[in-house]
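Listed here are the chains, written in short residue letters.
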Amino acid sequence: MTAFRSLSRAMFRGFVRDRTALVFTILIPLLFLLLFGSIYKSTSAPKVSVIEVGRVPLLDQAVAGSHGQLGKVMSITRGASLAAALEDVRKGTDNAVVLQQGSTLVVRYSIADQVTSGVVQAVFASIVQQANQAATGRPPAYQLTVAQVEDKSLKPIQYLAPGLLGWAIASGATFGAAITLVSWRENKLLRRLRLSPVSTVSVVTARIGVSLAVALVQLAAFLLIATTPFFGLKLTASWWMAIPVVIVGTLAFMSFGLVAGAIAKTQQAATAIANLVILPMAFLGGAFIPLDFAPAWIRQISYLMPLRYLVTGMQNVMARGEGPVSAVPAIAVLLAITAVLTLIAARVFRWDNI
Amino acid sequence: MAGVAATISARDLRKSYGTVKAVDGVTLEVQQGEFFGILGPNGAGKTTTLEIIEGLREADAGQVSVLGLPVWPRNPALLPRIGVQLQASSFFERLTAREQLETFASLYGVPARRADVMLATVGLEEQAATRTEKLSGGQAQRLSIACALVHDPEVVFLDEPTGALDPQARRNLWDLLRQISAEGRTVVLTTHHMDEAETLCDRVAIMDHGVILEEGPPAALVRQLDQPLRVSVESGQLPDDDARALAARAGAPPDSVTDDGVSLTIATREPAAVLSGLADRHALAGLRVSGATLEDVFLNLTGREYRA
Numbered sequence: 585m586t587a588f589r590s591l592s593r594a595m596f597r598g599f600v601r602d603r604t605a606l607v608f609t610i611l612i613p614l615l616f617l618l619l620f621g622s623i624y625k626s627t628s629a630p631k632v633s634v635i636e637v638g639r640v641p642l643l644d645q646a647v648a649g650s651h652g653q654l655g656k657v658m659s660i661t662r663g664a665s666l667a668a669a670l671e672d673v674r675k676g677t678d679n680a681v682v683l684q685q686g687s688t689l690v691v692r693y694s695i696a697d698q699v700t701s702g703v704v705q706a707v708f709a710s711i712v713q714q715a716n717q718a719a720t721g722r723p724p725a726y727q728l729t730v731a732q733v734e735d736k737s738l739k740p741i742q743y744l745a746p747g748l749l750g751w752a753i754a755s756g757a758t759f760g761a762a763i764t765l766v767s768w769r770e771n772k773l774l775r776r777l778r779l780s781p782v783s784t785v786s787v788v789t790a791r792i793g794v795s796l797a798v799a800l801v802q803l804a805a806f807l808l809i810a811t812t813p814f815f816g817l818k819l820t821a822s823w824w825m826a827i828p829v830v831i832v833g834t835l836a837f838m839s840f841g842l843v844a845g846a847i848a849k850t851q852q853a854a855t856a857i858a859n860l861v862i863l864p865m866a867f868l869g870g871a872f873i874p875l876d877f878a879p880a881w882i883r884q885i886s887y888l889m890p891l892r893y894l895v896t897g898m899q900n901v902m903a904r905g906e907g908p909v910s911a912v913p914a915i916a917v918l919l920a921i922t923a924v925l926t927l928i929a930a931r932v933f934r935w936d937n938i
Numbered sequence: 006m007a008g009v010a011a012t013i014s015a016r017d018l019r020k021s022y023g024t025v026k027a028v029d030g031v032t033l034e035v036q037q038g039e040f041f042g043i044l045g046p047n048g049a050g051k052t053t054t055l056e057i058i059e060g061l062r063e064a065d066a067g068q069v070s071v072l073g074l075p076v077w078p079r080n081p082a083l084l085p086r087i088g089v090q091l092q093a094s095s096f097f098e099r100l101t102a103r104e105q106l107e108t109f110a111s112l113y114g115v116p117a118r119r120a121d122v123m124l125a126t127v128g129l130e131e132q133a134a135t136r137t138e139k140l141s142g143g144q145a146q147r148l149s150i151a152c153a154l155v156h157d158p159e160v161v162f163l164d165e166p167t168g169a170l171d172p173q174a175r176r177n178l179w180d181l182l183r184q185i186s187a188e189g190r191t192v193v194l195t196t197h198h199m200d201e202a203e204t205l206c207d208r209v210a211i212m213d214h215g216v217i218l219e220e221g222p223p224a225a226l227v228r229q230l231d232q233p234l235r236v237s238v239e240s241g242q243l244p245d246d247d248a249r250a251l252a253a254r255a256g257a258p259p260d261s262v263t264d265d266g267v268s269l270t271i272a273t274r275e276p277a278a279v280l281s282g283l284a285d286r287h288a289l290a291g292l293r294v295s296g297a298t299l300e301d302v303f304l305n306l307t308g309r310e311y312r313a
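Chains as they are written, first to last, in my numbering: chain A, 585 to 938; chain B, 6 to 313.
Among the hints, erroneous ones may be present.
Computed footprint of chain B on chain A, listed as stretches where at least three residues anywhere in the stretch have a Cβ under 8 Å from a Cβ of chain B [stated by the list, open to error]:
| # | segment |
| --- | --- |
| 1 | 762-772 |
| 2 | 842-853 |
| 3 | 896-906 |
Taking beta-carbon pairs under 10 Å as the criterion, some of the chain A residues facing chain B (in silico) [as the list claims (entries may be wrong)]:
| # | residue |
| --- | --- |
| 4 | THR586 |
| 5 | ALA587 |
| 6 | ARG589 |
| 7 | SER590 |
| 8 | LEU591 |
| 9 | ARG776 |
| 10 | LEU777 |
| 11 | ARG934 |
| 12 | TRP935 |
| 13 | ASP936 |
If you are wondering where the hints come from, they were derived from the structure by calculation, not from laboratory data.
Yeah, the Cβ is synthetic: ideal placement off N, Cα and C, and Gly gets one too.
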């Protein structure tokens with residue numbers, strides 16, 4: 585067996601047998617997807633809760649005649665006294681109080697939340713409107729038909745998935761390279777290898793190969809799970825262009841890891857340096873906070889974050905439905921970053937700590 | 006001349022770190038098949054000397070050749086012919102003992118089945134499937150030596166191989182080291198265990214402050230020290246006056262006789278006279294005769310003050 589192959593195998597085994605690393609590179613990103621996904625999902629329209637005080641025949645008729653439609657936007661409870669019901673609205677437990685005085689429907693509501701107060705007004709306006717129309721005894725002059733249009737705007741999962749995947753790949757590559765370099769220097773394996781006839785190129789390419797394999801496994805596992813109906817990621821036509829983006833992204837962050845590993849003397853220091861760069865980048869580079877929703881200053885800063893190019897490059901081709909060429913600028917930037925960081929890493933590289 | 010050239014030849018090696026002269030003019034030669042020890046207290050410069058000879062560090066001045074080849078810059082023609090053990094934990098993470106050996110074997114283009122031969126050589130067959138993190142100190146040390154020998158090198162360098170081992174593990178490792186040497190290899194080791202150097206090495210160099218203070222076979226160095234022998238027997242077998250008279254007849258001064266209540270000890274350069282005198286008086290119970298050791302040579306050369 586060639587030195588290159590057995591080195592690759594040794595490093596890959598070392599990675600696969602490291603449960604903590606496996607959890608961090610594969611499982612944590614999926615957990616984050618679940619977490620962030622549920623945060624962004626909860627923005628659907630809220631139900632309005634209404635307290636009915638006394639008898640309100642108008643409302644009862646409307647509920648009966650809506651065939652359950654009204655129940656979807658409104659939940660109705662009965663209140664004993666007006667004062668108690670109003671107190672509940674003030675506290676925010678319920679959104680409105682309704683009572684009927686003869687032919688007048690009285691609605692008292694809170695404007696603490698403008699969306700729900702708008703819904704309250706619109707619902708009761710339409711109930712009164714329909715009752716009036718029915719009272720005329722004539723069929724309505726105008727009809728309303730509604731049909732749903734397919735929603736083309738990006739669902740949260742579409743920008744969350746590339747963002748979190750980008751973050752996972754970036755941290756996997758950075759920590760992998762940095763920790764390997766420091767621990768091999770600490771236990772003198774680096775110098776032991778130097779005293780064997782194996783070439784430095786073999787050692788470095790074996791490490792790159794293992795990192796790329798890990799990144800592609802991350803990509804595959806993440807996409808397999810994110811596209812299940814539960815998460816609902818819809819891959820667009822040119823998604824395969826995400827593969828070269830992931831490859832150059834891995835190279836870029838590996839070379840950053842090599843710089844961190846060369847500067848740091850201990851594994852703790854290497855972890856700290858890598859975290860110092862990766863964590864802010866996760867927030868400012870579009871991984872945790874989608875750039876479409878980020879404040880303008882974050883969007884501007886994001887151009888300085890290498891992670892931005894990994895995330896947006898993947899997003900364009902796998903979630904936005906843009907053509908394969910749309911990933912090319914990101915690939916070019918990531919390659920340039922790799923070149924610069926590799927040069928720096930080669931200059932600061934040390935065989936031992938003395 | 007090639008036939009008689011030393012296996013290892015270092016001439017006037019110098020290496021400074023800032024103002025510290027770690028190695029300050031070291032010259033040594035090791036012959037083919039020799040077991041050579043570099044001794045010295047911590048910080049004496051022995052590891053730096055070894056690393057320069059291995060080709061890990063560039064000397065500021067001086068020449069080194071191993072097997073007639075230059076060691077610096079990194080010499081791929083030489084590397085397959087030398088075996089190096091740097092530290093017990095210089096392993097790939099989370100591999101088993103056999104996998105470590107297979108990986109190191111492949112670095113030298115040696116077939117993987119050699120791993121099992123090496124496991125048997127160092128007595129680790131039962132630990133073949135154990136991850137290196139779970140090996141005991143002595144087992145890890147033996148595996149580390151196996152990794153250094155996997156490609157059957159002509160010259161072996163061992164840096165403090167028994168560093169943190171308990172006495173049993175040390176003696177166990179000595180047997181392995183003797184075996185390596187008996188196979189005809191040239192072995193160089195650094196240590197600060199004098200007993201180890203005395204029992205293993207054909208020749209030692211005692212270093213301190215970056216220079217070699219004394220060099221030669223351990224027994225010769227001890228003899229050179231010319232210390233009196235210490236003859237001791239159980240206390241109470243003969244009166245002190247008798248003991249002093251006996252010492253005087255053997256040419257030893259009165260203060261060479263000490264009695265701590267447990268043993269009566271006479272330091273002498275003529276042990277025959279003392280021993281026959283004790284025998285005449287039937288006072289040989291608990292007899293012990295001890296001479297100087299390499300440790301005495303070492304302490305005599307490097308001083309007794311404690312160094313962190």
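Please check whether ARG776/A passes as an interface residue: C-beta within 10 Å of a C-beta belonging to chain B.
Where the cut-off is 10 Å and the nearest Cβ of chain B is about 5 Å from ARG776/A, the hint holds.
When I compare C-beta atoms, does the segment 896-906 of chain A have three or more residues closer than 8 Å to chain B?
That given contact is violated, which follows from only 0 residues of the segment 896-906 of chain A lying within Cβ reach (below 8 Å) of chain B.
Would you say the segment 842-853 of chain A counts as covered by chain B, given the rule of at least 3 residues with C-beta under 8 Å?
As far as the segment 842-853 of chain A goes, the hint is violated, because 0 residues have Cβ atoms under 8 Å from chain B.
Going by Cβ atoms only, is ARG934/A closer than 10 Å to chain B?
violated (12 Å)
Using Cβ atoms only, decide whether LEU591/A comes closer than 10 Å to chain B, and label the hint accordingly.
holds (7 Å)
Interface hint for ASP936/A, Cβ within 10 Å of any Cβ on chain B
holds (8 Å)
Per the coverage rule (Cβ-Cβ under 8 Å, at least three residues), is the segment 762-772 of chain A covered by chain B?
holds (count 3)
Status of the ARG589/A interface restraint (C-beta, 10 Å, chain B)
With Cβ-Cβ at 8 Å, under 10 Å, it holds.
Using 10 Å as the Cβ threshold, decide whether SER590/A counts as touching chain B.
Hint on SER590/A: holds, closest Cβ of chain B at ~4 Å, below 10 Å.
How about TRP935/A: closest beta carbon in chain B under 10 Å, or not?
holds (8 Å)
Holds or violated: is the Cβ of LEU777/A closer than 10 Å to a Cβ in chain B?
holds (7 Å)
Would the hint on THR586/A stand, with a C-beta cut-off of 10 Å toward chain B?
holds (7 Å)
The earlier numbered hints that this structure contradicts are 2, 3 and 11.
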